[in-house]
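A.B. asks: Given the sequences, and given the hints that come with them, work out the whole structure.
2 protein chains.
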Amino acid sequence: MPDRIARVQQRMKELRLHAFFLSAPSSLRYLFGFTGSNGIGLITSDLPYFATDWRYRDQAREEVAGAEILIAQRDLVGAIKERNPFPLDAKAGFEEHHLTYHLLAQIRKHFPKLEFKLTEHLLGKIAAEKSREEILLLKQAATTVSTVWERLLPHLRAGATEADITAELNYIARKCGSQIEPFEPIVAAGPRSALPHARSSSRPLMHGDMVVIDFGCVVEGYAADFTRTIAVGEPDKKLRDAYRIVQEACDLVYASARAPMKACDLDAVARKHFEAHGLAQCFNHSLGHGLGIDVHSLPRIGPESKDMIPANAVVAIEPGVYFPGLGGMRIEDDVLITERGCEVLTNASRELICVE
Amino acid sequence: MPDRIARVQQRMKELRLHAFFLSAPSSLRYLFGFTGSNGIGLITSDLPYFATDWRYRDQAREEVAGAEILIAQRDLVGAIKERNPFPLDAKAGFEEHHLTYHLLAQIRKHFPKLEFKLTEHLLGKIAAEKSREEILLLKQAATTVSTVWERLLPHLRAGATEADITAELNYIARKCGSQIEPFEPIVAAGPRSALPHARSSSRPLMHGDMVVIDFGCVVEGYAADFTRTIAVGEPDKKLRDAYRIVQEACDLVYASARAPMKACDLDAVARKHFEAHGLAQCFNHSLGHGLGIDVHSLPRIGPESKDMIPANAVVAIEPGVYFPGLGGMRIEDDVLITERGCEVLTNASRELICVE
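Protein sequence lines correspond, in order, to chains A and B.
Sequential numbering of the first sequence, starting at 4, is according to this note's numbering.
Sequential numbering of the second sequence, starting at 4, is according to this note's numbering.
You can take every hint at face value.
Straight-line Cα separation of at most 20 angstroms, SDA-like style, residue types lysine to any residue; simulated pairs: (1) K120/B - H105/A; (2) K112/A - E123/B; (3) K178/A - H158/B; (4) K112/A - T103/B; (5) K178/A - S205/B; (6) K178/A - A166/B; (7) K178/A - A163/B; (8) K309/A - H105/B; (9) K178/B - L159/A; (10) K178/B - R206/A.
It should be emphasised that the hints constitute simulated quantities derived from the structure, not laboratory data.
C.D. replies: And the structure:
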């Protein structure tokens with residue numbers, strides 16, 4: 004991906020970096036097109052290198068374009084060292100949230116004079132702005148996740164367990180063309196719906212339950228992230244009222260989103276709405292996050308985020324309200340934000356669906 | 004888990020460590036019983052501490068026993084620092100294959116005089132020896148994975164795609180009680196069966212194919228790992244002959260396994276057998292690996308491994324033969340190795356199954 008690599012090199016120049024090491028699989032896919040699990044990338048001011056082990060030799064040759072490919076038995080950093088890619092006392096950046104101490108030690112062993120510089124999401128900020136081709140893939144993933152939801156609906160009924168629904172969900176998603184589950188789905192019923200990070204259990208759906216269903220899809224490597232909340236029978240008035248307020252939060256956020264804007268300002272649109280209804284304490288997580296090869300990407304859309312939302316960002320917006328011990332609800336759509344506003348890519352009603 | 008923590012403290016004493024930081028989720032589950040995704044453990048010569056963020060407050064209080072629980076808004080290392088858990092110039096170990104540079108920097112910020120020591124799989128070596136309770140859970144996982152295989156068999160037929168079979172596999176596994184897929188299953192047919200790390204594709208099964216099917220289960224947090232290879236119609240004689248040699252490798256390995264033994268010696272049993280049949284180059288990966296909370300645990304059973312197989316190790320044994328461009332095969336069972344020998348925990352025929 005020569006244009007992406009050129010953007011990294013431009014940013015490296017601004018930061019006076021001679022070298023940038025890449026270790027996260029999603030970064031290797033984004034910059035080099037490599038879909039395997041083990042590799043190291045290196046971008047210098049002149050050239051990109053990609054090192055992997057012998058198991059991925061053929062795959063690297065098929066997938067990786069625009070970088071010199073190095074195959075090693077085991078010591079990938081050693082293979083890079085042999086190419087003398089940069090001056091020994093160079094300044095280098097790396098992915099500090101991914102690089103392990105073990106890999107860092109290998110880099111230090113081969114390049115003992117290298118000066119390490121923190122780069123604070125250098126690549127993530129570049130990847131937040133999507134290309135036309137990426138937007139098409141993200142739209143496809145959003146369409147797929149919406150189809151999965153439609154096909155899941157007949158399986159949602161009193162008596163089915165959270166785990167049963169999770170099994171159906173994963174099955175339908177694969178049959179609709181999702182390559183992998185980007186995260187373990189959440190199917191959380193009754194009081195468990197108030198836990199934003201519940202895992203599916205053997206609890207059956209019961210009358211009066213709110214049920215939060217949060218799942219994703221991956222199409223051609225790009226992720227969608229989606230949540231709806233349904234009611235089993237007639238829910239408590241407090242829950243039904245809160246649901247309407249979450250729906251309104253979605254509408255307000257979609258109407259306010261326009262690039263470029265500060266991510267914290269978009270979060271504030273939802274947060275102020277909940278505050279105005281006395282629900283500030285009940286919305287206890289961030290409003291959303293970028294989507295891409297990683298399901299949780301930049302920009303982070305929360306009250307403390309310092310990220311900007313650039314034009315052509317694709318993000319998940321997921322306001323929610325949770326009453327501990329009673330139940331909760333969340334609505335999540337994937338949206339494209341441009342200079343003209345916001346386009347909702349997922350295609351499913353946000354009205355409360357009640358099942359029997 | 005007081006006995007597990009005591010074993011870590013004993014090992015720390017031998018290594019003259021005052022402190023040991025834990026960051027891998029599987030380590031936090033093993034030592035503290037915590038099943039959430041974010042936490043840091045600290046074991047000192049006196050006391051164990053467990054820090055997590057507010058989202059997991061209730062869950063930590065329910066799950067974590069035998070450690071002081073610290074809840075932080077964000078800065079988990081800061082919360083640990085406030086307890087003054089060890090002298091400022093202490094020697095500390097950490098999980099070098101998991102700890103990220105980011106977390107290391109946080110530890111350094113709060114404990115600038117701490118001296119870091121490499122510990123080379125301190126915890127993994129302790130965890131390789133399974134307790135009676137863990138063996139029961141691993142047997143349950145192995146039984147589950149065997150049942151899944153039996154129920155998958157009717158879905159294996161010419162025309163079904165690798166992706167279809169993967170969807171069925173995951174569905175059946177969840178319905179049989181597996182909590183999560185410990186890794187993305189491999190369903191690789193025809194020439195693709197020669198790729199030990201293939202991903203399922205849209206390729207349909209065709210007459211003459213060998214099909215490698217490698218998948219896992221998780222029961223109560225413990226993993227099983229299982230592979231069988233089937234033929235569609237009548238396979239090539241070369242493939243059929245090689246299959247018999249892989250079967251023999253299994254029998255030889257099971258007959259030779261007895262604890263304690265060097266892991267590389269067990270690997271050599273299979274490797275010499277393949278050598279004797281001129282297939283040394285075709286068995287291009289390790290023989291196996293330990294099983295536990297992580298599906299790939301110690302001991303590593305390969306030609307270069309320096310690990311010992313302790314009594315009561317539970318390991319996956321997976322000899323295979325691959326002919327690039329033609330096809331491959333692998334048979335994987337989970338076995339318990341004791342001082343008396345080897346007990347195969349998975350329960351499925353290793354005879355070649357031919358389907359139409």
